[in-house]
Structure formats: C-alpha cells, structure tokens
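Trainee: If you want the building blocks of each chain, they are given just below.
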Amino acid sequence: MVAPAFDYVAAGGYDEAVRLLASGGDDAKILAGGQSLMPMLNLRLARPELLIDINPADKRPPSVAGGVLRLPALTRHRVLLEHDLVRKHCPLFADAVRHVGNVRVRNRGTIGGSLAHADPTSEIGSCALALGASVVARGPGGERVIPAEELFAGYWTTALDVAEVITDVLIPVARPRQGWSFHEMVRRTSDFAIVAVAAVVELDESATAVVSARVALAGVADRVTLADAGLIGAGLVGGVGDEDVDAAAGRIAGRLEPPDDVHASAAYRRRLVRVLTARALREAVARAAAAGAGA
Amino acid sequence: MNKIQLALTVNGRDHEVWAQPSATLLDVLHDELGLADVRYGCGEGLCGTCTVLLDGEPVNGCLTLAVQAVGCQVTTMRGLLGPDDALHPLQECFLRRGASQCGFCTPGMVLTSLDLVRRHREQGRERPSREEIRYALVGNLCRCTGYTKILDAVEEYADQAARQ
Numbered sequence: 001m002v003a004p005a006f007d008y009v010a011a012g013g014y015d016e017a018v019r020l021l022a023s024g025g026d027d028a029k030i031l032a033g034g035q036s037l038m039p040m041l042n043l044r045l046a047r048p049e050l051l052i053d054i055n056p057a058d059k060r061p062p063s064v065a066g067g068v069l070r071l072p073a074l075t076r077h078r079v080l081l082e083h084d085l086v087r088k089h090c091p092l093f094a095d096a097v098r099h100v101g102n103v104r105v106r107n108r109g110t111i112g113g114s115l116a117h118a119d120p121t122s123e124i125g126s127c128a129l130a131l132g133a134s135v136v137a138r139g140p141g142g143e144r145v146i147p148a149e150e151l152f153a154g155y156w157t158t159a160l161d162v163a164e165v166i167t168d169v170l171i172p173v174a175r176p177r178q179g180w181s182f183h184e185m186v187r188r189t190s191d192f193a194i195v196a197v198a199a200v201v202e203l204d205e206s207a208t209a210v211v212s213a214r215v216a217l218a219g220v221a222d223r224v225t226l227a228d229a230g231l232i233g234a235g236l237v238g239g240v241g242d243e244d245v246d247a248a249a250g251r252i253a254g255r256l257e258p259p260d261d262v263h264a265s266a267a268y269r270r271r272l273v274r275v276l277t278a279r280a281l282r283e284a285v286a287r288a289a290a291a292g293a294g295a
Numbered sequence: 296m297n298k299i300q301l302a303l304t305v306n307g308r309d310h311e312v313w314a315q316p317s318a319t320l321l322d323v324l325h326d327e328l329g330l331a332d333v334r335y336g337c338g339e340g341l342c343g344t345c346t347v348l349l350d351g352e353p354v355n356g357c358l359t360l361a362v363q364a365v366g367c368q369v370t371t372m373r374g375l376l377g378p379d380d381a382l383h384p385l386q387e388c389f390l391r392r393g394a395s396q397c398g399f400c401t402p403g404m405v406l407t408s409l410d411l412v413r414r415h416r417e418q419g420r421e422r423p424s425r426e427e428i429r430y431a432l433v434g435n436l437c438r439c440t441g442y443t444k445i446l447d448a449v450e451e452y453a454d455q456a457a458r459q
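Heads up: the sequence lines are chains A and B, in that order.
Note that the numbering used here numbers the first sequence so that position 94 is 94, with each residue one more than the last.
Just add 295 to wherever you are in the second sequence, counting from 1, and you've got the numbering used here.
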C-alpha cells in the first residue's frame, strides 16, 4: 500500500515544531525516526494532513550531569546500543535495544519517537519504566517533566497534550549494587515481543537483601506496565533465594489479565511473565551482587 | 499536494526530481530515477528489499521520505559496481555460492552485509561470525535460498576482506 498524500515541513527547532503542532492540531503529526509512523501511513492506519519533521531540530549527543543520563529525543537506537555513556550508565537500554526491529529500524528509530508511539509491546517503554526514567515535554506553555509511569495512557496513547513534543529522556544513572536484566519471548528474532520483562534491582551494603526492585512488563496489557512494588518487595526484602524470586514472579503473573489474541493466549502470556520475571530477577540480583563486589 | 523539487545525490550522481512531499525515497529512486535495484516489498520496514545506504548506513527506502534524503549520499546496490559495471567482490561471492536465485532480495542482502563487514573492520573487530551475520540479516527476507548460501557468501566475502 501507499500512504495518502500529506504535506511536509522540516522544523528547525523544537519551538517551531510546537508552534506548527499547535496550529495543525489533530491533523498534524511529529515525524522522528519514522519507523512506526511511516508503516502506519503506508497501511493507512493513520492519515495526517501534515508531517512535522523534527530531525533537523536537534543534533545533541547523550550526556551525563548530576547523576542523570540525558538522552535527546532523537537519539537513534543504534546510538543506545553503541554509545559509551549509555553502555556505562544505562546498560539495560544498551542490551534491550538489540531486540528492537532490524538494523535499518535501529539506524533511524529514535527513543523519543518510540516512547511517544507508546506501543504496548515496546522494549524501550518497558525499560523506561523499570529505570524510573522521565521525559521532558515541550508545549506552547513551556516545558514539563513527565515520569514514565504517567506517560503511557493506553494503546498507542500517551499523556502528551496535542501540541507537546518530547525533547529529552532523563534516566537516573546506574548506582553501585544495582543490577538489571531484560528478557523477552518472540516467535522470530526482531518480532514484536509476546511478553518482555525489564528488571532493575538494588541490593543493600551487605549485598544479601533487596533494597528496591522494579519490574516492567510489555505485551500484557494496553500499555507497558510497572508491576506493583508490593508484589515484588514483600517477598524479596530480607532474602533473594530462588524460592523468594519464584514467589514474587508468581504473584506478579497472578495479578495480570493479559490479552488473548492470535499471537498468544492469555494463559501462555501469564506463564511467560512468571518464567521470564523469575529469570530476570535472578539475573538482576546476580549482576547487582557482582557490581557491589567490584565497587 | 503540490510537487516540490528535490536535489538528490544517488550513487555519486546529482539528480533533480519533482516529487510529492509525501513521496518515499523508494518511490523516487524506483519510479522517478528508474533504479530497479530498490524494490517495494512490504512497505513496513520488515522485508529489506528497499534497503539503501543513507550516508553509508542501511535504511528502509519505504519508511524514509525522499525529501529527508536531500543533502545526503544515497547508495543503491548499483552504486557498488566498478568501472564497466564490474561486480563488487561481495556480488561475486553471491554468484559463486549460488546465494541469489530470483534475485529480488539480493540488493538488500548485499548492502546490509557490506555494512556489517565494513563496521567490524572500522571498529577493529574480528570479521562477523555466522551468527552475527544471521542477526544482521534478520530483517532481510529471502523466499528462495533458505539463507544457507547467503550466509556462505557473506562469510566468504568477510574472510576475503579480513585478508586485505
């Protein structure tokens, strides 16, 4: 199929993009990497009148200041994979992005575009949740910071106002005694995840008890979701044995009402959550212990 | 929508074309410039038949707008040919190994593999393993060969390139 005709304008900066978006309203869309939007146009799932290309708006590289890794919205997936600052301060992203699309998609696709697209099976979205990331959104009234927990509002829907553009993604840098893990199940490499699990765990100074654990899930609801901290923490604080981990994973899976569709049944998805969450928590705890021992 | 004039550099040559702002790079290369080695497959970025190099990096021609390629170097497989249309060494490997049957996927396979081998060399790494080649080509579908001969061809080329 071929996309319906639309008009195109290149925005030289984010303020210009916001102005164009404010005047275009629902008929205008921001074009970032285009690896999700363009297929939707080609399949005629979306038919905007105007595309506002923000690619010329920003050339900043990733940077670190004050314990925060700042990823400009136009950071390509390939940069997440290869950039030294991302690999050092946010190894979860560098690992999980291997599962995103194919080499062409990773060359063009952007972190801001992926988050704004809000696919419920998103690797990047689930990692943002697990890491406690937030996005900087610029609108006609100025900037505001939206935590990832509040960004995803449903299937392909975010809390962004109609004239708001994501300009940056902010991620707390990895701390000592923090471990991470990412696991997903796909029928074929590069497919959309049936279920994906991103886990970030922090241990106490003795490296025997969990101080905090965040588990984010993709493919289990109309949006990427963060598992209730109580479900994980209650069993893990004071012990990180196999039984504790399995129990926590079981509690998380038991609470879910995942979709039942052509790709997988709800029961299979629930089982995947239990297995992959246990695997991810174990790996994250082991990495946290190793990181603590090395620090 | 009114057509706009675009100045594109494709395979080292400058072109001026009139195209709709919504025209993809694939539309313009295939339909306006007659480059039959850039092909419509899926329109979703999954199959790899429209692969072109944009400033040296593989991208989906079907998901990139032609206007976004203004000011960039666009390379299609034809751009790899030497004087008198001499085949690129990687194309020779494809021929020798029987890695091209109907040929529809070949340009995408060749450009993607070439980028992989070049990247490994530039980063001072060993030539890509068979598994790394499989991973890099996951977004290039072939319905004829069963992939085995394509992997053989890319491995042979990677060995050649490593010796140079």
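Rather than coming from a laboratory, the hints here were simulated on the basis of the structure.
Honestly, I wouldn't trust all of these hints.
The calculated DSSO-like cross-link candidates involving lysine-lysine, where the alpha carbons are at most 30 Å apart (straight line), are [claimed, not checked]:
#1 B/444 with A/59
#2 A/59 with A/88
#3 A/29 with B/444
#4 A/29 with A/59
A partial selection of chain B residues facing chain A, derived with a Cβ cut-off under 10 Å [to be verified]:
#5 411
#6 415
#7 443
C-beta atoms are modelled at their ideal positions from N, C-alpha and C, and glycine is treated no differently.
Trainee: If a hint holds in the structure, say so; if it does not, say that too.
Mentor: Taking the hints in turn, this is what the structure says about them:
Proximity of residue 444 of chain B to residue 59 of chain A is assessed by CA-CA distance (about 41 Å); at most 30 Å being required, the pair is judged violated. As the CA atoms of residue 59 of chain A and residue 88 of chain A are separated by approximately 21 Å, the hinted pair is consistent with the 30 Å bound. Taken as a hint, the residue 29 of chain A and residue 444 of chain B pair is broken in the structure, with Cα atoms around 43 Å apart against an allowance of 30 Å. At roughly 20 Å between alpha-carbon atoms, residue 29 of chain A and residue 59 of chain A fall within 30 Å of each other, so this suggested pair holds.
With a cut of 10 Å, the hint placing residue 411 of chain B at the interface with chain A holds, because the nearest CB-to-CB distance is about 8 Å. Checking residue 415 of chain B against chain A by beta carbon gives a least distance of about 13 Å; that is not within 10 Å, so the hint is violated. Because the beta carbon of residue 443 of chain B sits about 17 Å from the nearest beta carbon in chain A, more than 10 Å, this interface hint is broken.
Going through the hint list in order, the structure does not satisfy hints 1, 3, 6, 7.
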